[in-house]
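Given the coordinates of chain A, assemble chain B onto it according to the supplied hints.
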Amino acid sequence: MLLLTPILFAPLLAGLLCLLVPSRRAMSALGVLAFATTLGLGIALLYQVLARGVVTEWSEFLSADALSAWMVLLISVVSLATSLYAGRYFRRDEAAGAVTPGRVREFFVLTPLFGAGMFLVVLANNLGVMWAAVEATALSSVLLVALYNRRNSLEAAWKYVILGSLGLALALMGTVFVYAAASKNNPQSLPSFNWSYLMSVAGRLDPHLLKLAFVFAFIGYGTKAGLAPMHTWLPDAHSEAPSPTSAMLSGVSLKIALYALLRFHILTTACLDSGFSRYFLLGFGLFSMFLAAPFILVQRNLKRMLAYSSLEHVGLICTGIALNTPVTIFGALLHMGYHALAKPVLFFAAGNIHQTCHSLEFRVIGPGVGKVLPVTVLLMGLAAIAAIGLPPFGLFLSEMTILSGGLAAHQTTVSVLILVALLASFCGILQQLARILLGARKPGDHANDARRLDGVPAMAMLLGGLLLFSVWLPAPLLELLHQAAGIIGSQP
Amino acid sequence: MNPSAATEISSQAITLMATLMLLVQLLMTAQRMLLTSIRLFAIQSLLLAGIAALVAYHHNASHVYVVAGLTLIGKVIFLPWLLNRLVHRIQIHQEIEPLLNAPTSMLICGGLTLLGYVLARPFTSMERLGNNTLGIALTLLLTGFFLMINRRKALTQVLALLTVENGVMLAAVALTSYGMPLVVELGIFFDVLVAVMVLGILVYRIRESFASMDTSKLNQLKG
Numbered sequence: 001m002l003l004l005t006p007i008l009f010a011p012l013l014a015g016l017l018c019l020l021v022p023s024r025r026a027m028s029a030l031g032v033l034a035f036a037t038t039l040g041l042g043i044a045l046l047y048q049v050l051a052r053g054v055v056t057e058w059s060e061f062l063s064a065d066a067l068s069a070w071m072v073l074l075i076s077v078v079s080l081a082t083s084l085y086a087g088r089y090f091r092r093d094e095a096a097g098a099v100t101p102g103r104v105r106e107f108f109v110l111t112p113l114f115g116a117g118m119f120l121v122v123l124a125n126n127l128g129v130m131w132a133a134v135e136a137t138a139l140s141s142v143l144l145v146a147l148y149n150r151r152n153s154l155e156a157a158w159k160y161v162i163l164g165s166l167g168l169a170l171a172l173m174g175t176v177f178v179y180a181a182a183s184k185n186n187p188q189s190l191p192s193f194n195w196s197y198l199m200s201v202a203g204r205l206d207p208h209l210l211k212l213a214f215v216f217a218f219i220g221y222g223t224k225a226g227l228a229p230m231h232t233w234l235p236d237a238h239s240e241a242p243s244p245t246s247a248m249l250s251g252v253s254l255k256i257a258l259y260a261l262l263r264f265h266i267l268t269t270a271c272l273d274s275g276f277s278r279y280f281l282l283g284f285g286l287f288s289m290f291l292a293a294p295f296i297l298v299q300r301n302l303k304r305m306l307a308y309s310s311l312e313h314v315g316l317i318c319t320g321i322a323l324n325t326p327v328t329i330f331g332a333l334l335h336m337g338y339h340a341l342a343k344p345v346l347f348f349a350a351g352n353i354h355q356t357c358h359s360l361e362f363r364v365i366g367p368g369v370g371k372v373l374p375v376t377v378l379l380m381g382l383a384a385i386a387a388i389g390l391p392p393f394g395l396f397l398s399e400m401t402i403l404s405g406g407l408a409a410h411q412t413t414v415s416v417l418i419l420v421a422l423l424a425s426f427c428g429i430l431q432q433l434a435r436i437l438l439g440a441r442k443p444g445d446h447a448n449d450a451r452r453l454d455g456v457p458a459m460a461m462l463l464g465g466l467l468l469f470s471v472w473l474p475a476p477l478l479e480l481l482h483q484a485a486g487i488i489g490s491q492p
Numbered sequence: 493m494n495p496s497a498a499t500e501i502s503s504q505a506i507t508l509m510a511t512l513m514l515l516v517q518l519l520m521t522a523q524r525m526l527l528t529s530i531r532l533f534a535i536q537s538l539l540l541a542g543i544a545a546l547v548a549y550h551h552n553a554s555h556v557y558v559v560a561g562l563t564l565i566g567k568v569i570f571l572p573w574l575l576n577r578l579v580h581r582i583q584i585h586q587e588i589e590p591l592l593n594a595p596t597s598m599l600i601c602g603g604l605t606l607l608g609y610v611l612a613r614p615f616t617s618m619e620r621l622g623n624n625t626l627g628i629a630l631t632l633l634l635t636g637f638f639l640m641i642n643r644r645k646a647l648t649q650v651l652a653l654l655t656v657e658n659g660v661m662l663a664a665v666a667l668t669s670y671g672m673p674l675v676v677e678l679g680i681f682f683d684v685l686v687a688v689m690v691l692g693i694l695v696y697r698i699r700e701s702f703a704s705m706d707t708s709k710l711n712q713l714k715g
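Sequence lines, in order, name chains A and B. Each step along the first sequence adds one to the number in the working numbering, with nothing skipped, and position 40 is 40. Each step along the second sequence adds one to the number in the working numbering, with nothing skipped, and position 149 is 641.
Only chain A is shown next, with the shape it has when bound in the complex:
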């Protein structure tokens, strides 16, 4: 049975159908349907991958190993929650006159295309096609960031597209260098550009060329993944985009760029047989974590603060992978998953708050927004507890896994640095959110008429999933993660 093809085409089809259907309700239902389908297919893919190792289709044009299957699950879950949330969100926006129906249609057409692009990134076997797919995700999300057409959102979109395109031009250069290394070995014919082929000849590729390729690809995809100091577009885009888009950008899009980066990391490590690429991941990862903490503390805008928190989490994932022990890589992959479940909830809640308070500035929102939006704030509080890494939520578990793995491998300095950075952003987020979520409402502010249950299904789904998988990781999922960790860390 074909699995990869429908995963790719279900969202694509849904996006195109959204051009035709008449109502917003139908468009949002199409989105939900498409991503529910891909989630089901993703679970089927999980079992296929466990059974066969690598699943290929279209004569190896599409291929999925454990790492791809894990990413497919993440994309599906976050996109599904986003589609669930977006219907009501835009109904309120349209009622308030913040967007025109045309723009809403733009959202429902582009979001599944954005998802399809991400699926292609993780399923493409060909590194060049992977690049083209990353660029496609960037282009589809740019118009989403600019959806409100306000001055600030245009500015954010412009910075995003210019920095993103420049970064991706560098990544393309890196991709070209990899191909040049492959074609140097057999000058007479057109060599395959497939990941599986490149890995099989990795030991014979020109190491100098591959080093240069990795540096280009690192800066390129690193820009898209929001690693500091190439992250400057990230807080702007995350804060100015509509909240459903912010959730997708932060929940999966960053990790998709990271995935592309990891493919180069694996290839370079296999070729050079040394830690050359690991040191890049380690340095930039730690730098991102340390840069995020002070910026979280000084933010005055809710979604900007959340964006910097994403920066910190991406940094942690990179650092975990760079520590390069089976335990830390496993922890980093697990962290990707838990973060993808927790962070969208925060952005959805921020969306509700934005629509009620008409601002994202802490000064305007709080204190005591909990009296106005009790359900939203309760869920946001829980997600925030998860995001800063407190038990019983899984992020505590994955952070502990990375730390203990690092300490067990005698990487004491790095582990201590991780702990310090984690603590700093822990305090930052706690202090900022406690200021607005808790406390008494100012007199004169009456309870809002907001429909209290809007967006709750999506948030409850993600938080419920987070809680469930925090206490219980099903055996097949665990096995998948171990295999994925093996793919990343199979070399010294």
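Rather than coming from a laboratory, the hints here were simulated on the basis of the structure. Don't take every hint at face value.
Keeping only pairs whose Cα atoms sit at most 27 angstroms apart, straight-line, the calculated BS3-like set for lysine-lysine is [what the hints assert, rightly or not]:
(1) A:159 with B:714
(2) A:184 with A:211
(3) B:709 with A:159
Chain B in isolation, oriented as in the chain A frame:
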């Protein structure tokens, strides 16, 4: 004519065209009329298409002809036409004073050219046809970045991005014997087309909201 002489001639022709691409790039950094810049970009793309066609002819590789054809249709005809239309629609024809004046820009570009050649030095032995085309490709990349920083008009930044892309494609032709697989080339081609359309939409919206396309006015978001 014997094969080695034919190789020599194609090789020299490619070197010549690559050098002309660099020359066009330098001209672009020095002048300020938007329409002229678009025309220069079209010429540069035409040279790229010529190089691809020569490579295709020399290696008898049919799919590289496709690449040359796509470059001709997309970057020499369609994109310049699209950008021209945009310029007429938003009624801005001239770049304001760049951050650095023309002589300084030229000096910096000279330095960047030197850097590009130094970076490409270890890899020149890999080039199949032409001499130092990789150096020129890297120089196009670097000067493209510089052009982007030095100019403030949104449209010039789009053009700078396109020249960067030309540089990458030149590297692809220079370093690999037959270019990249067709599916990759097609992917890149459509991405570039869509990118320019998206950028065009944004430029238009920015012009409407800010009554200008001066990107130095995009300065509200900080920290």
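Structure-based check of all given hints:
no.: 1; hint: A:159 with B:714; verdict: holds (12 angstroms)
no.: 2; hint: A:184 with A:211; verdict: holds (15 angstroms)
no.: 3; hint: B:709 with A:159; verdict: holds (12 angstroms)
Every hint from the earlier list agrees with this structure, and none is contradicted.
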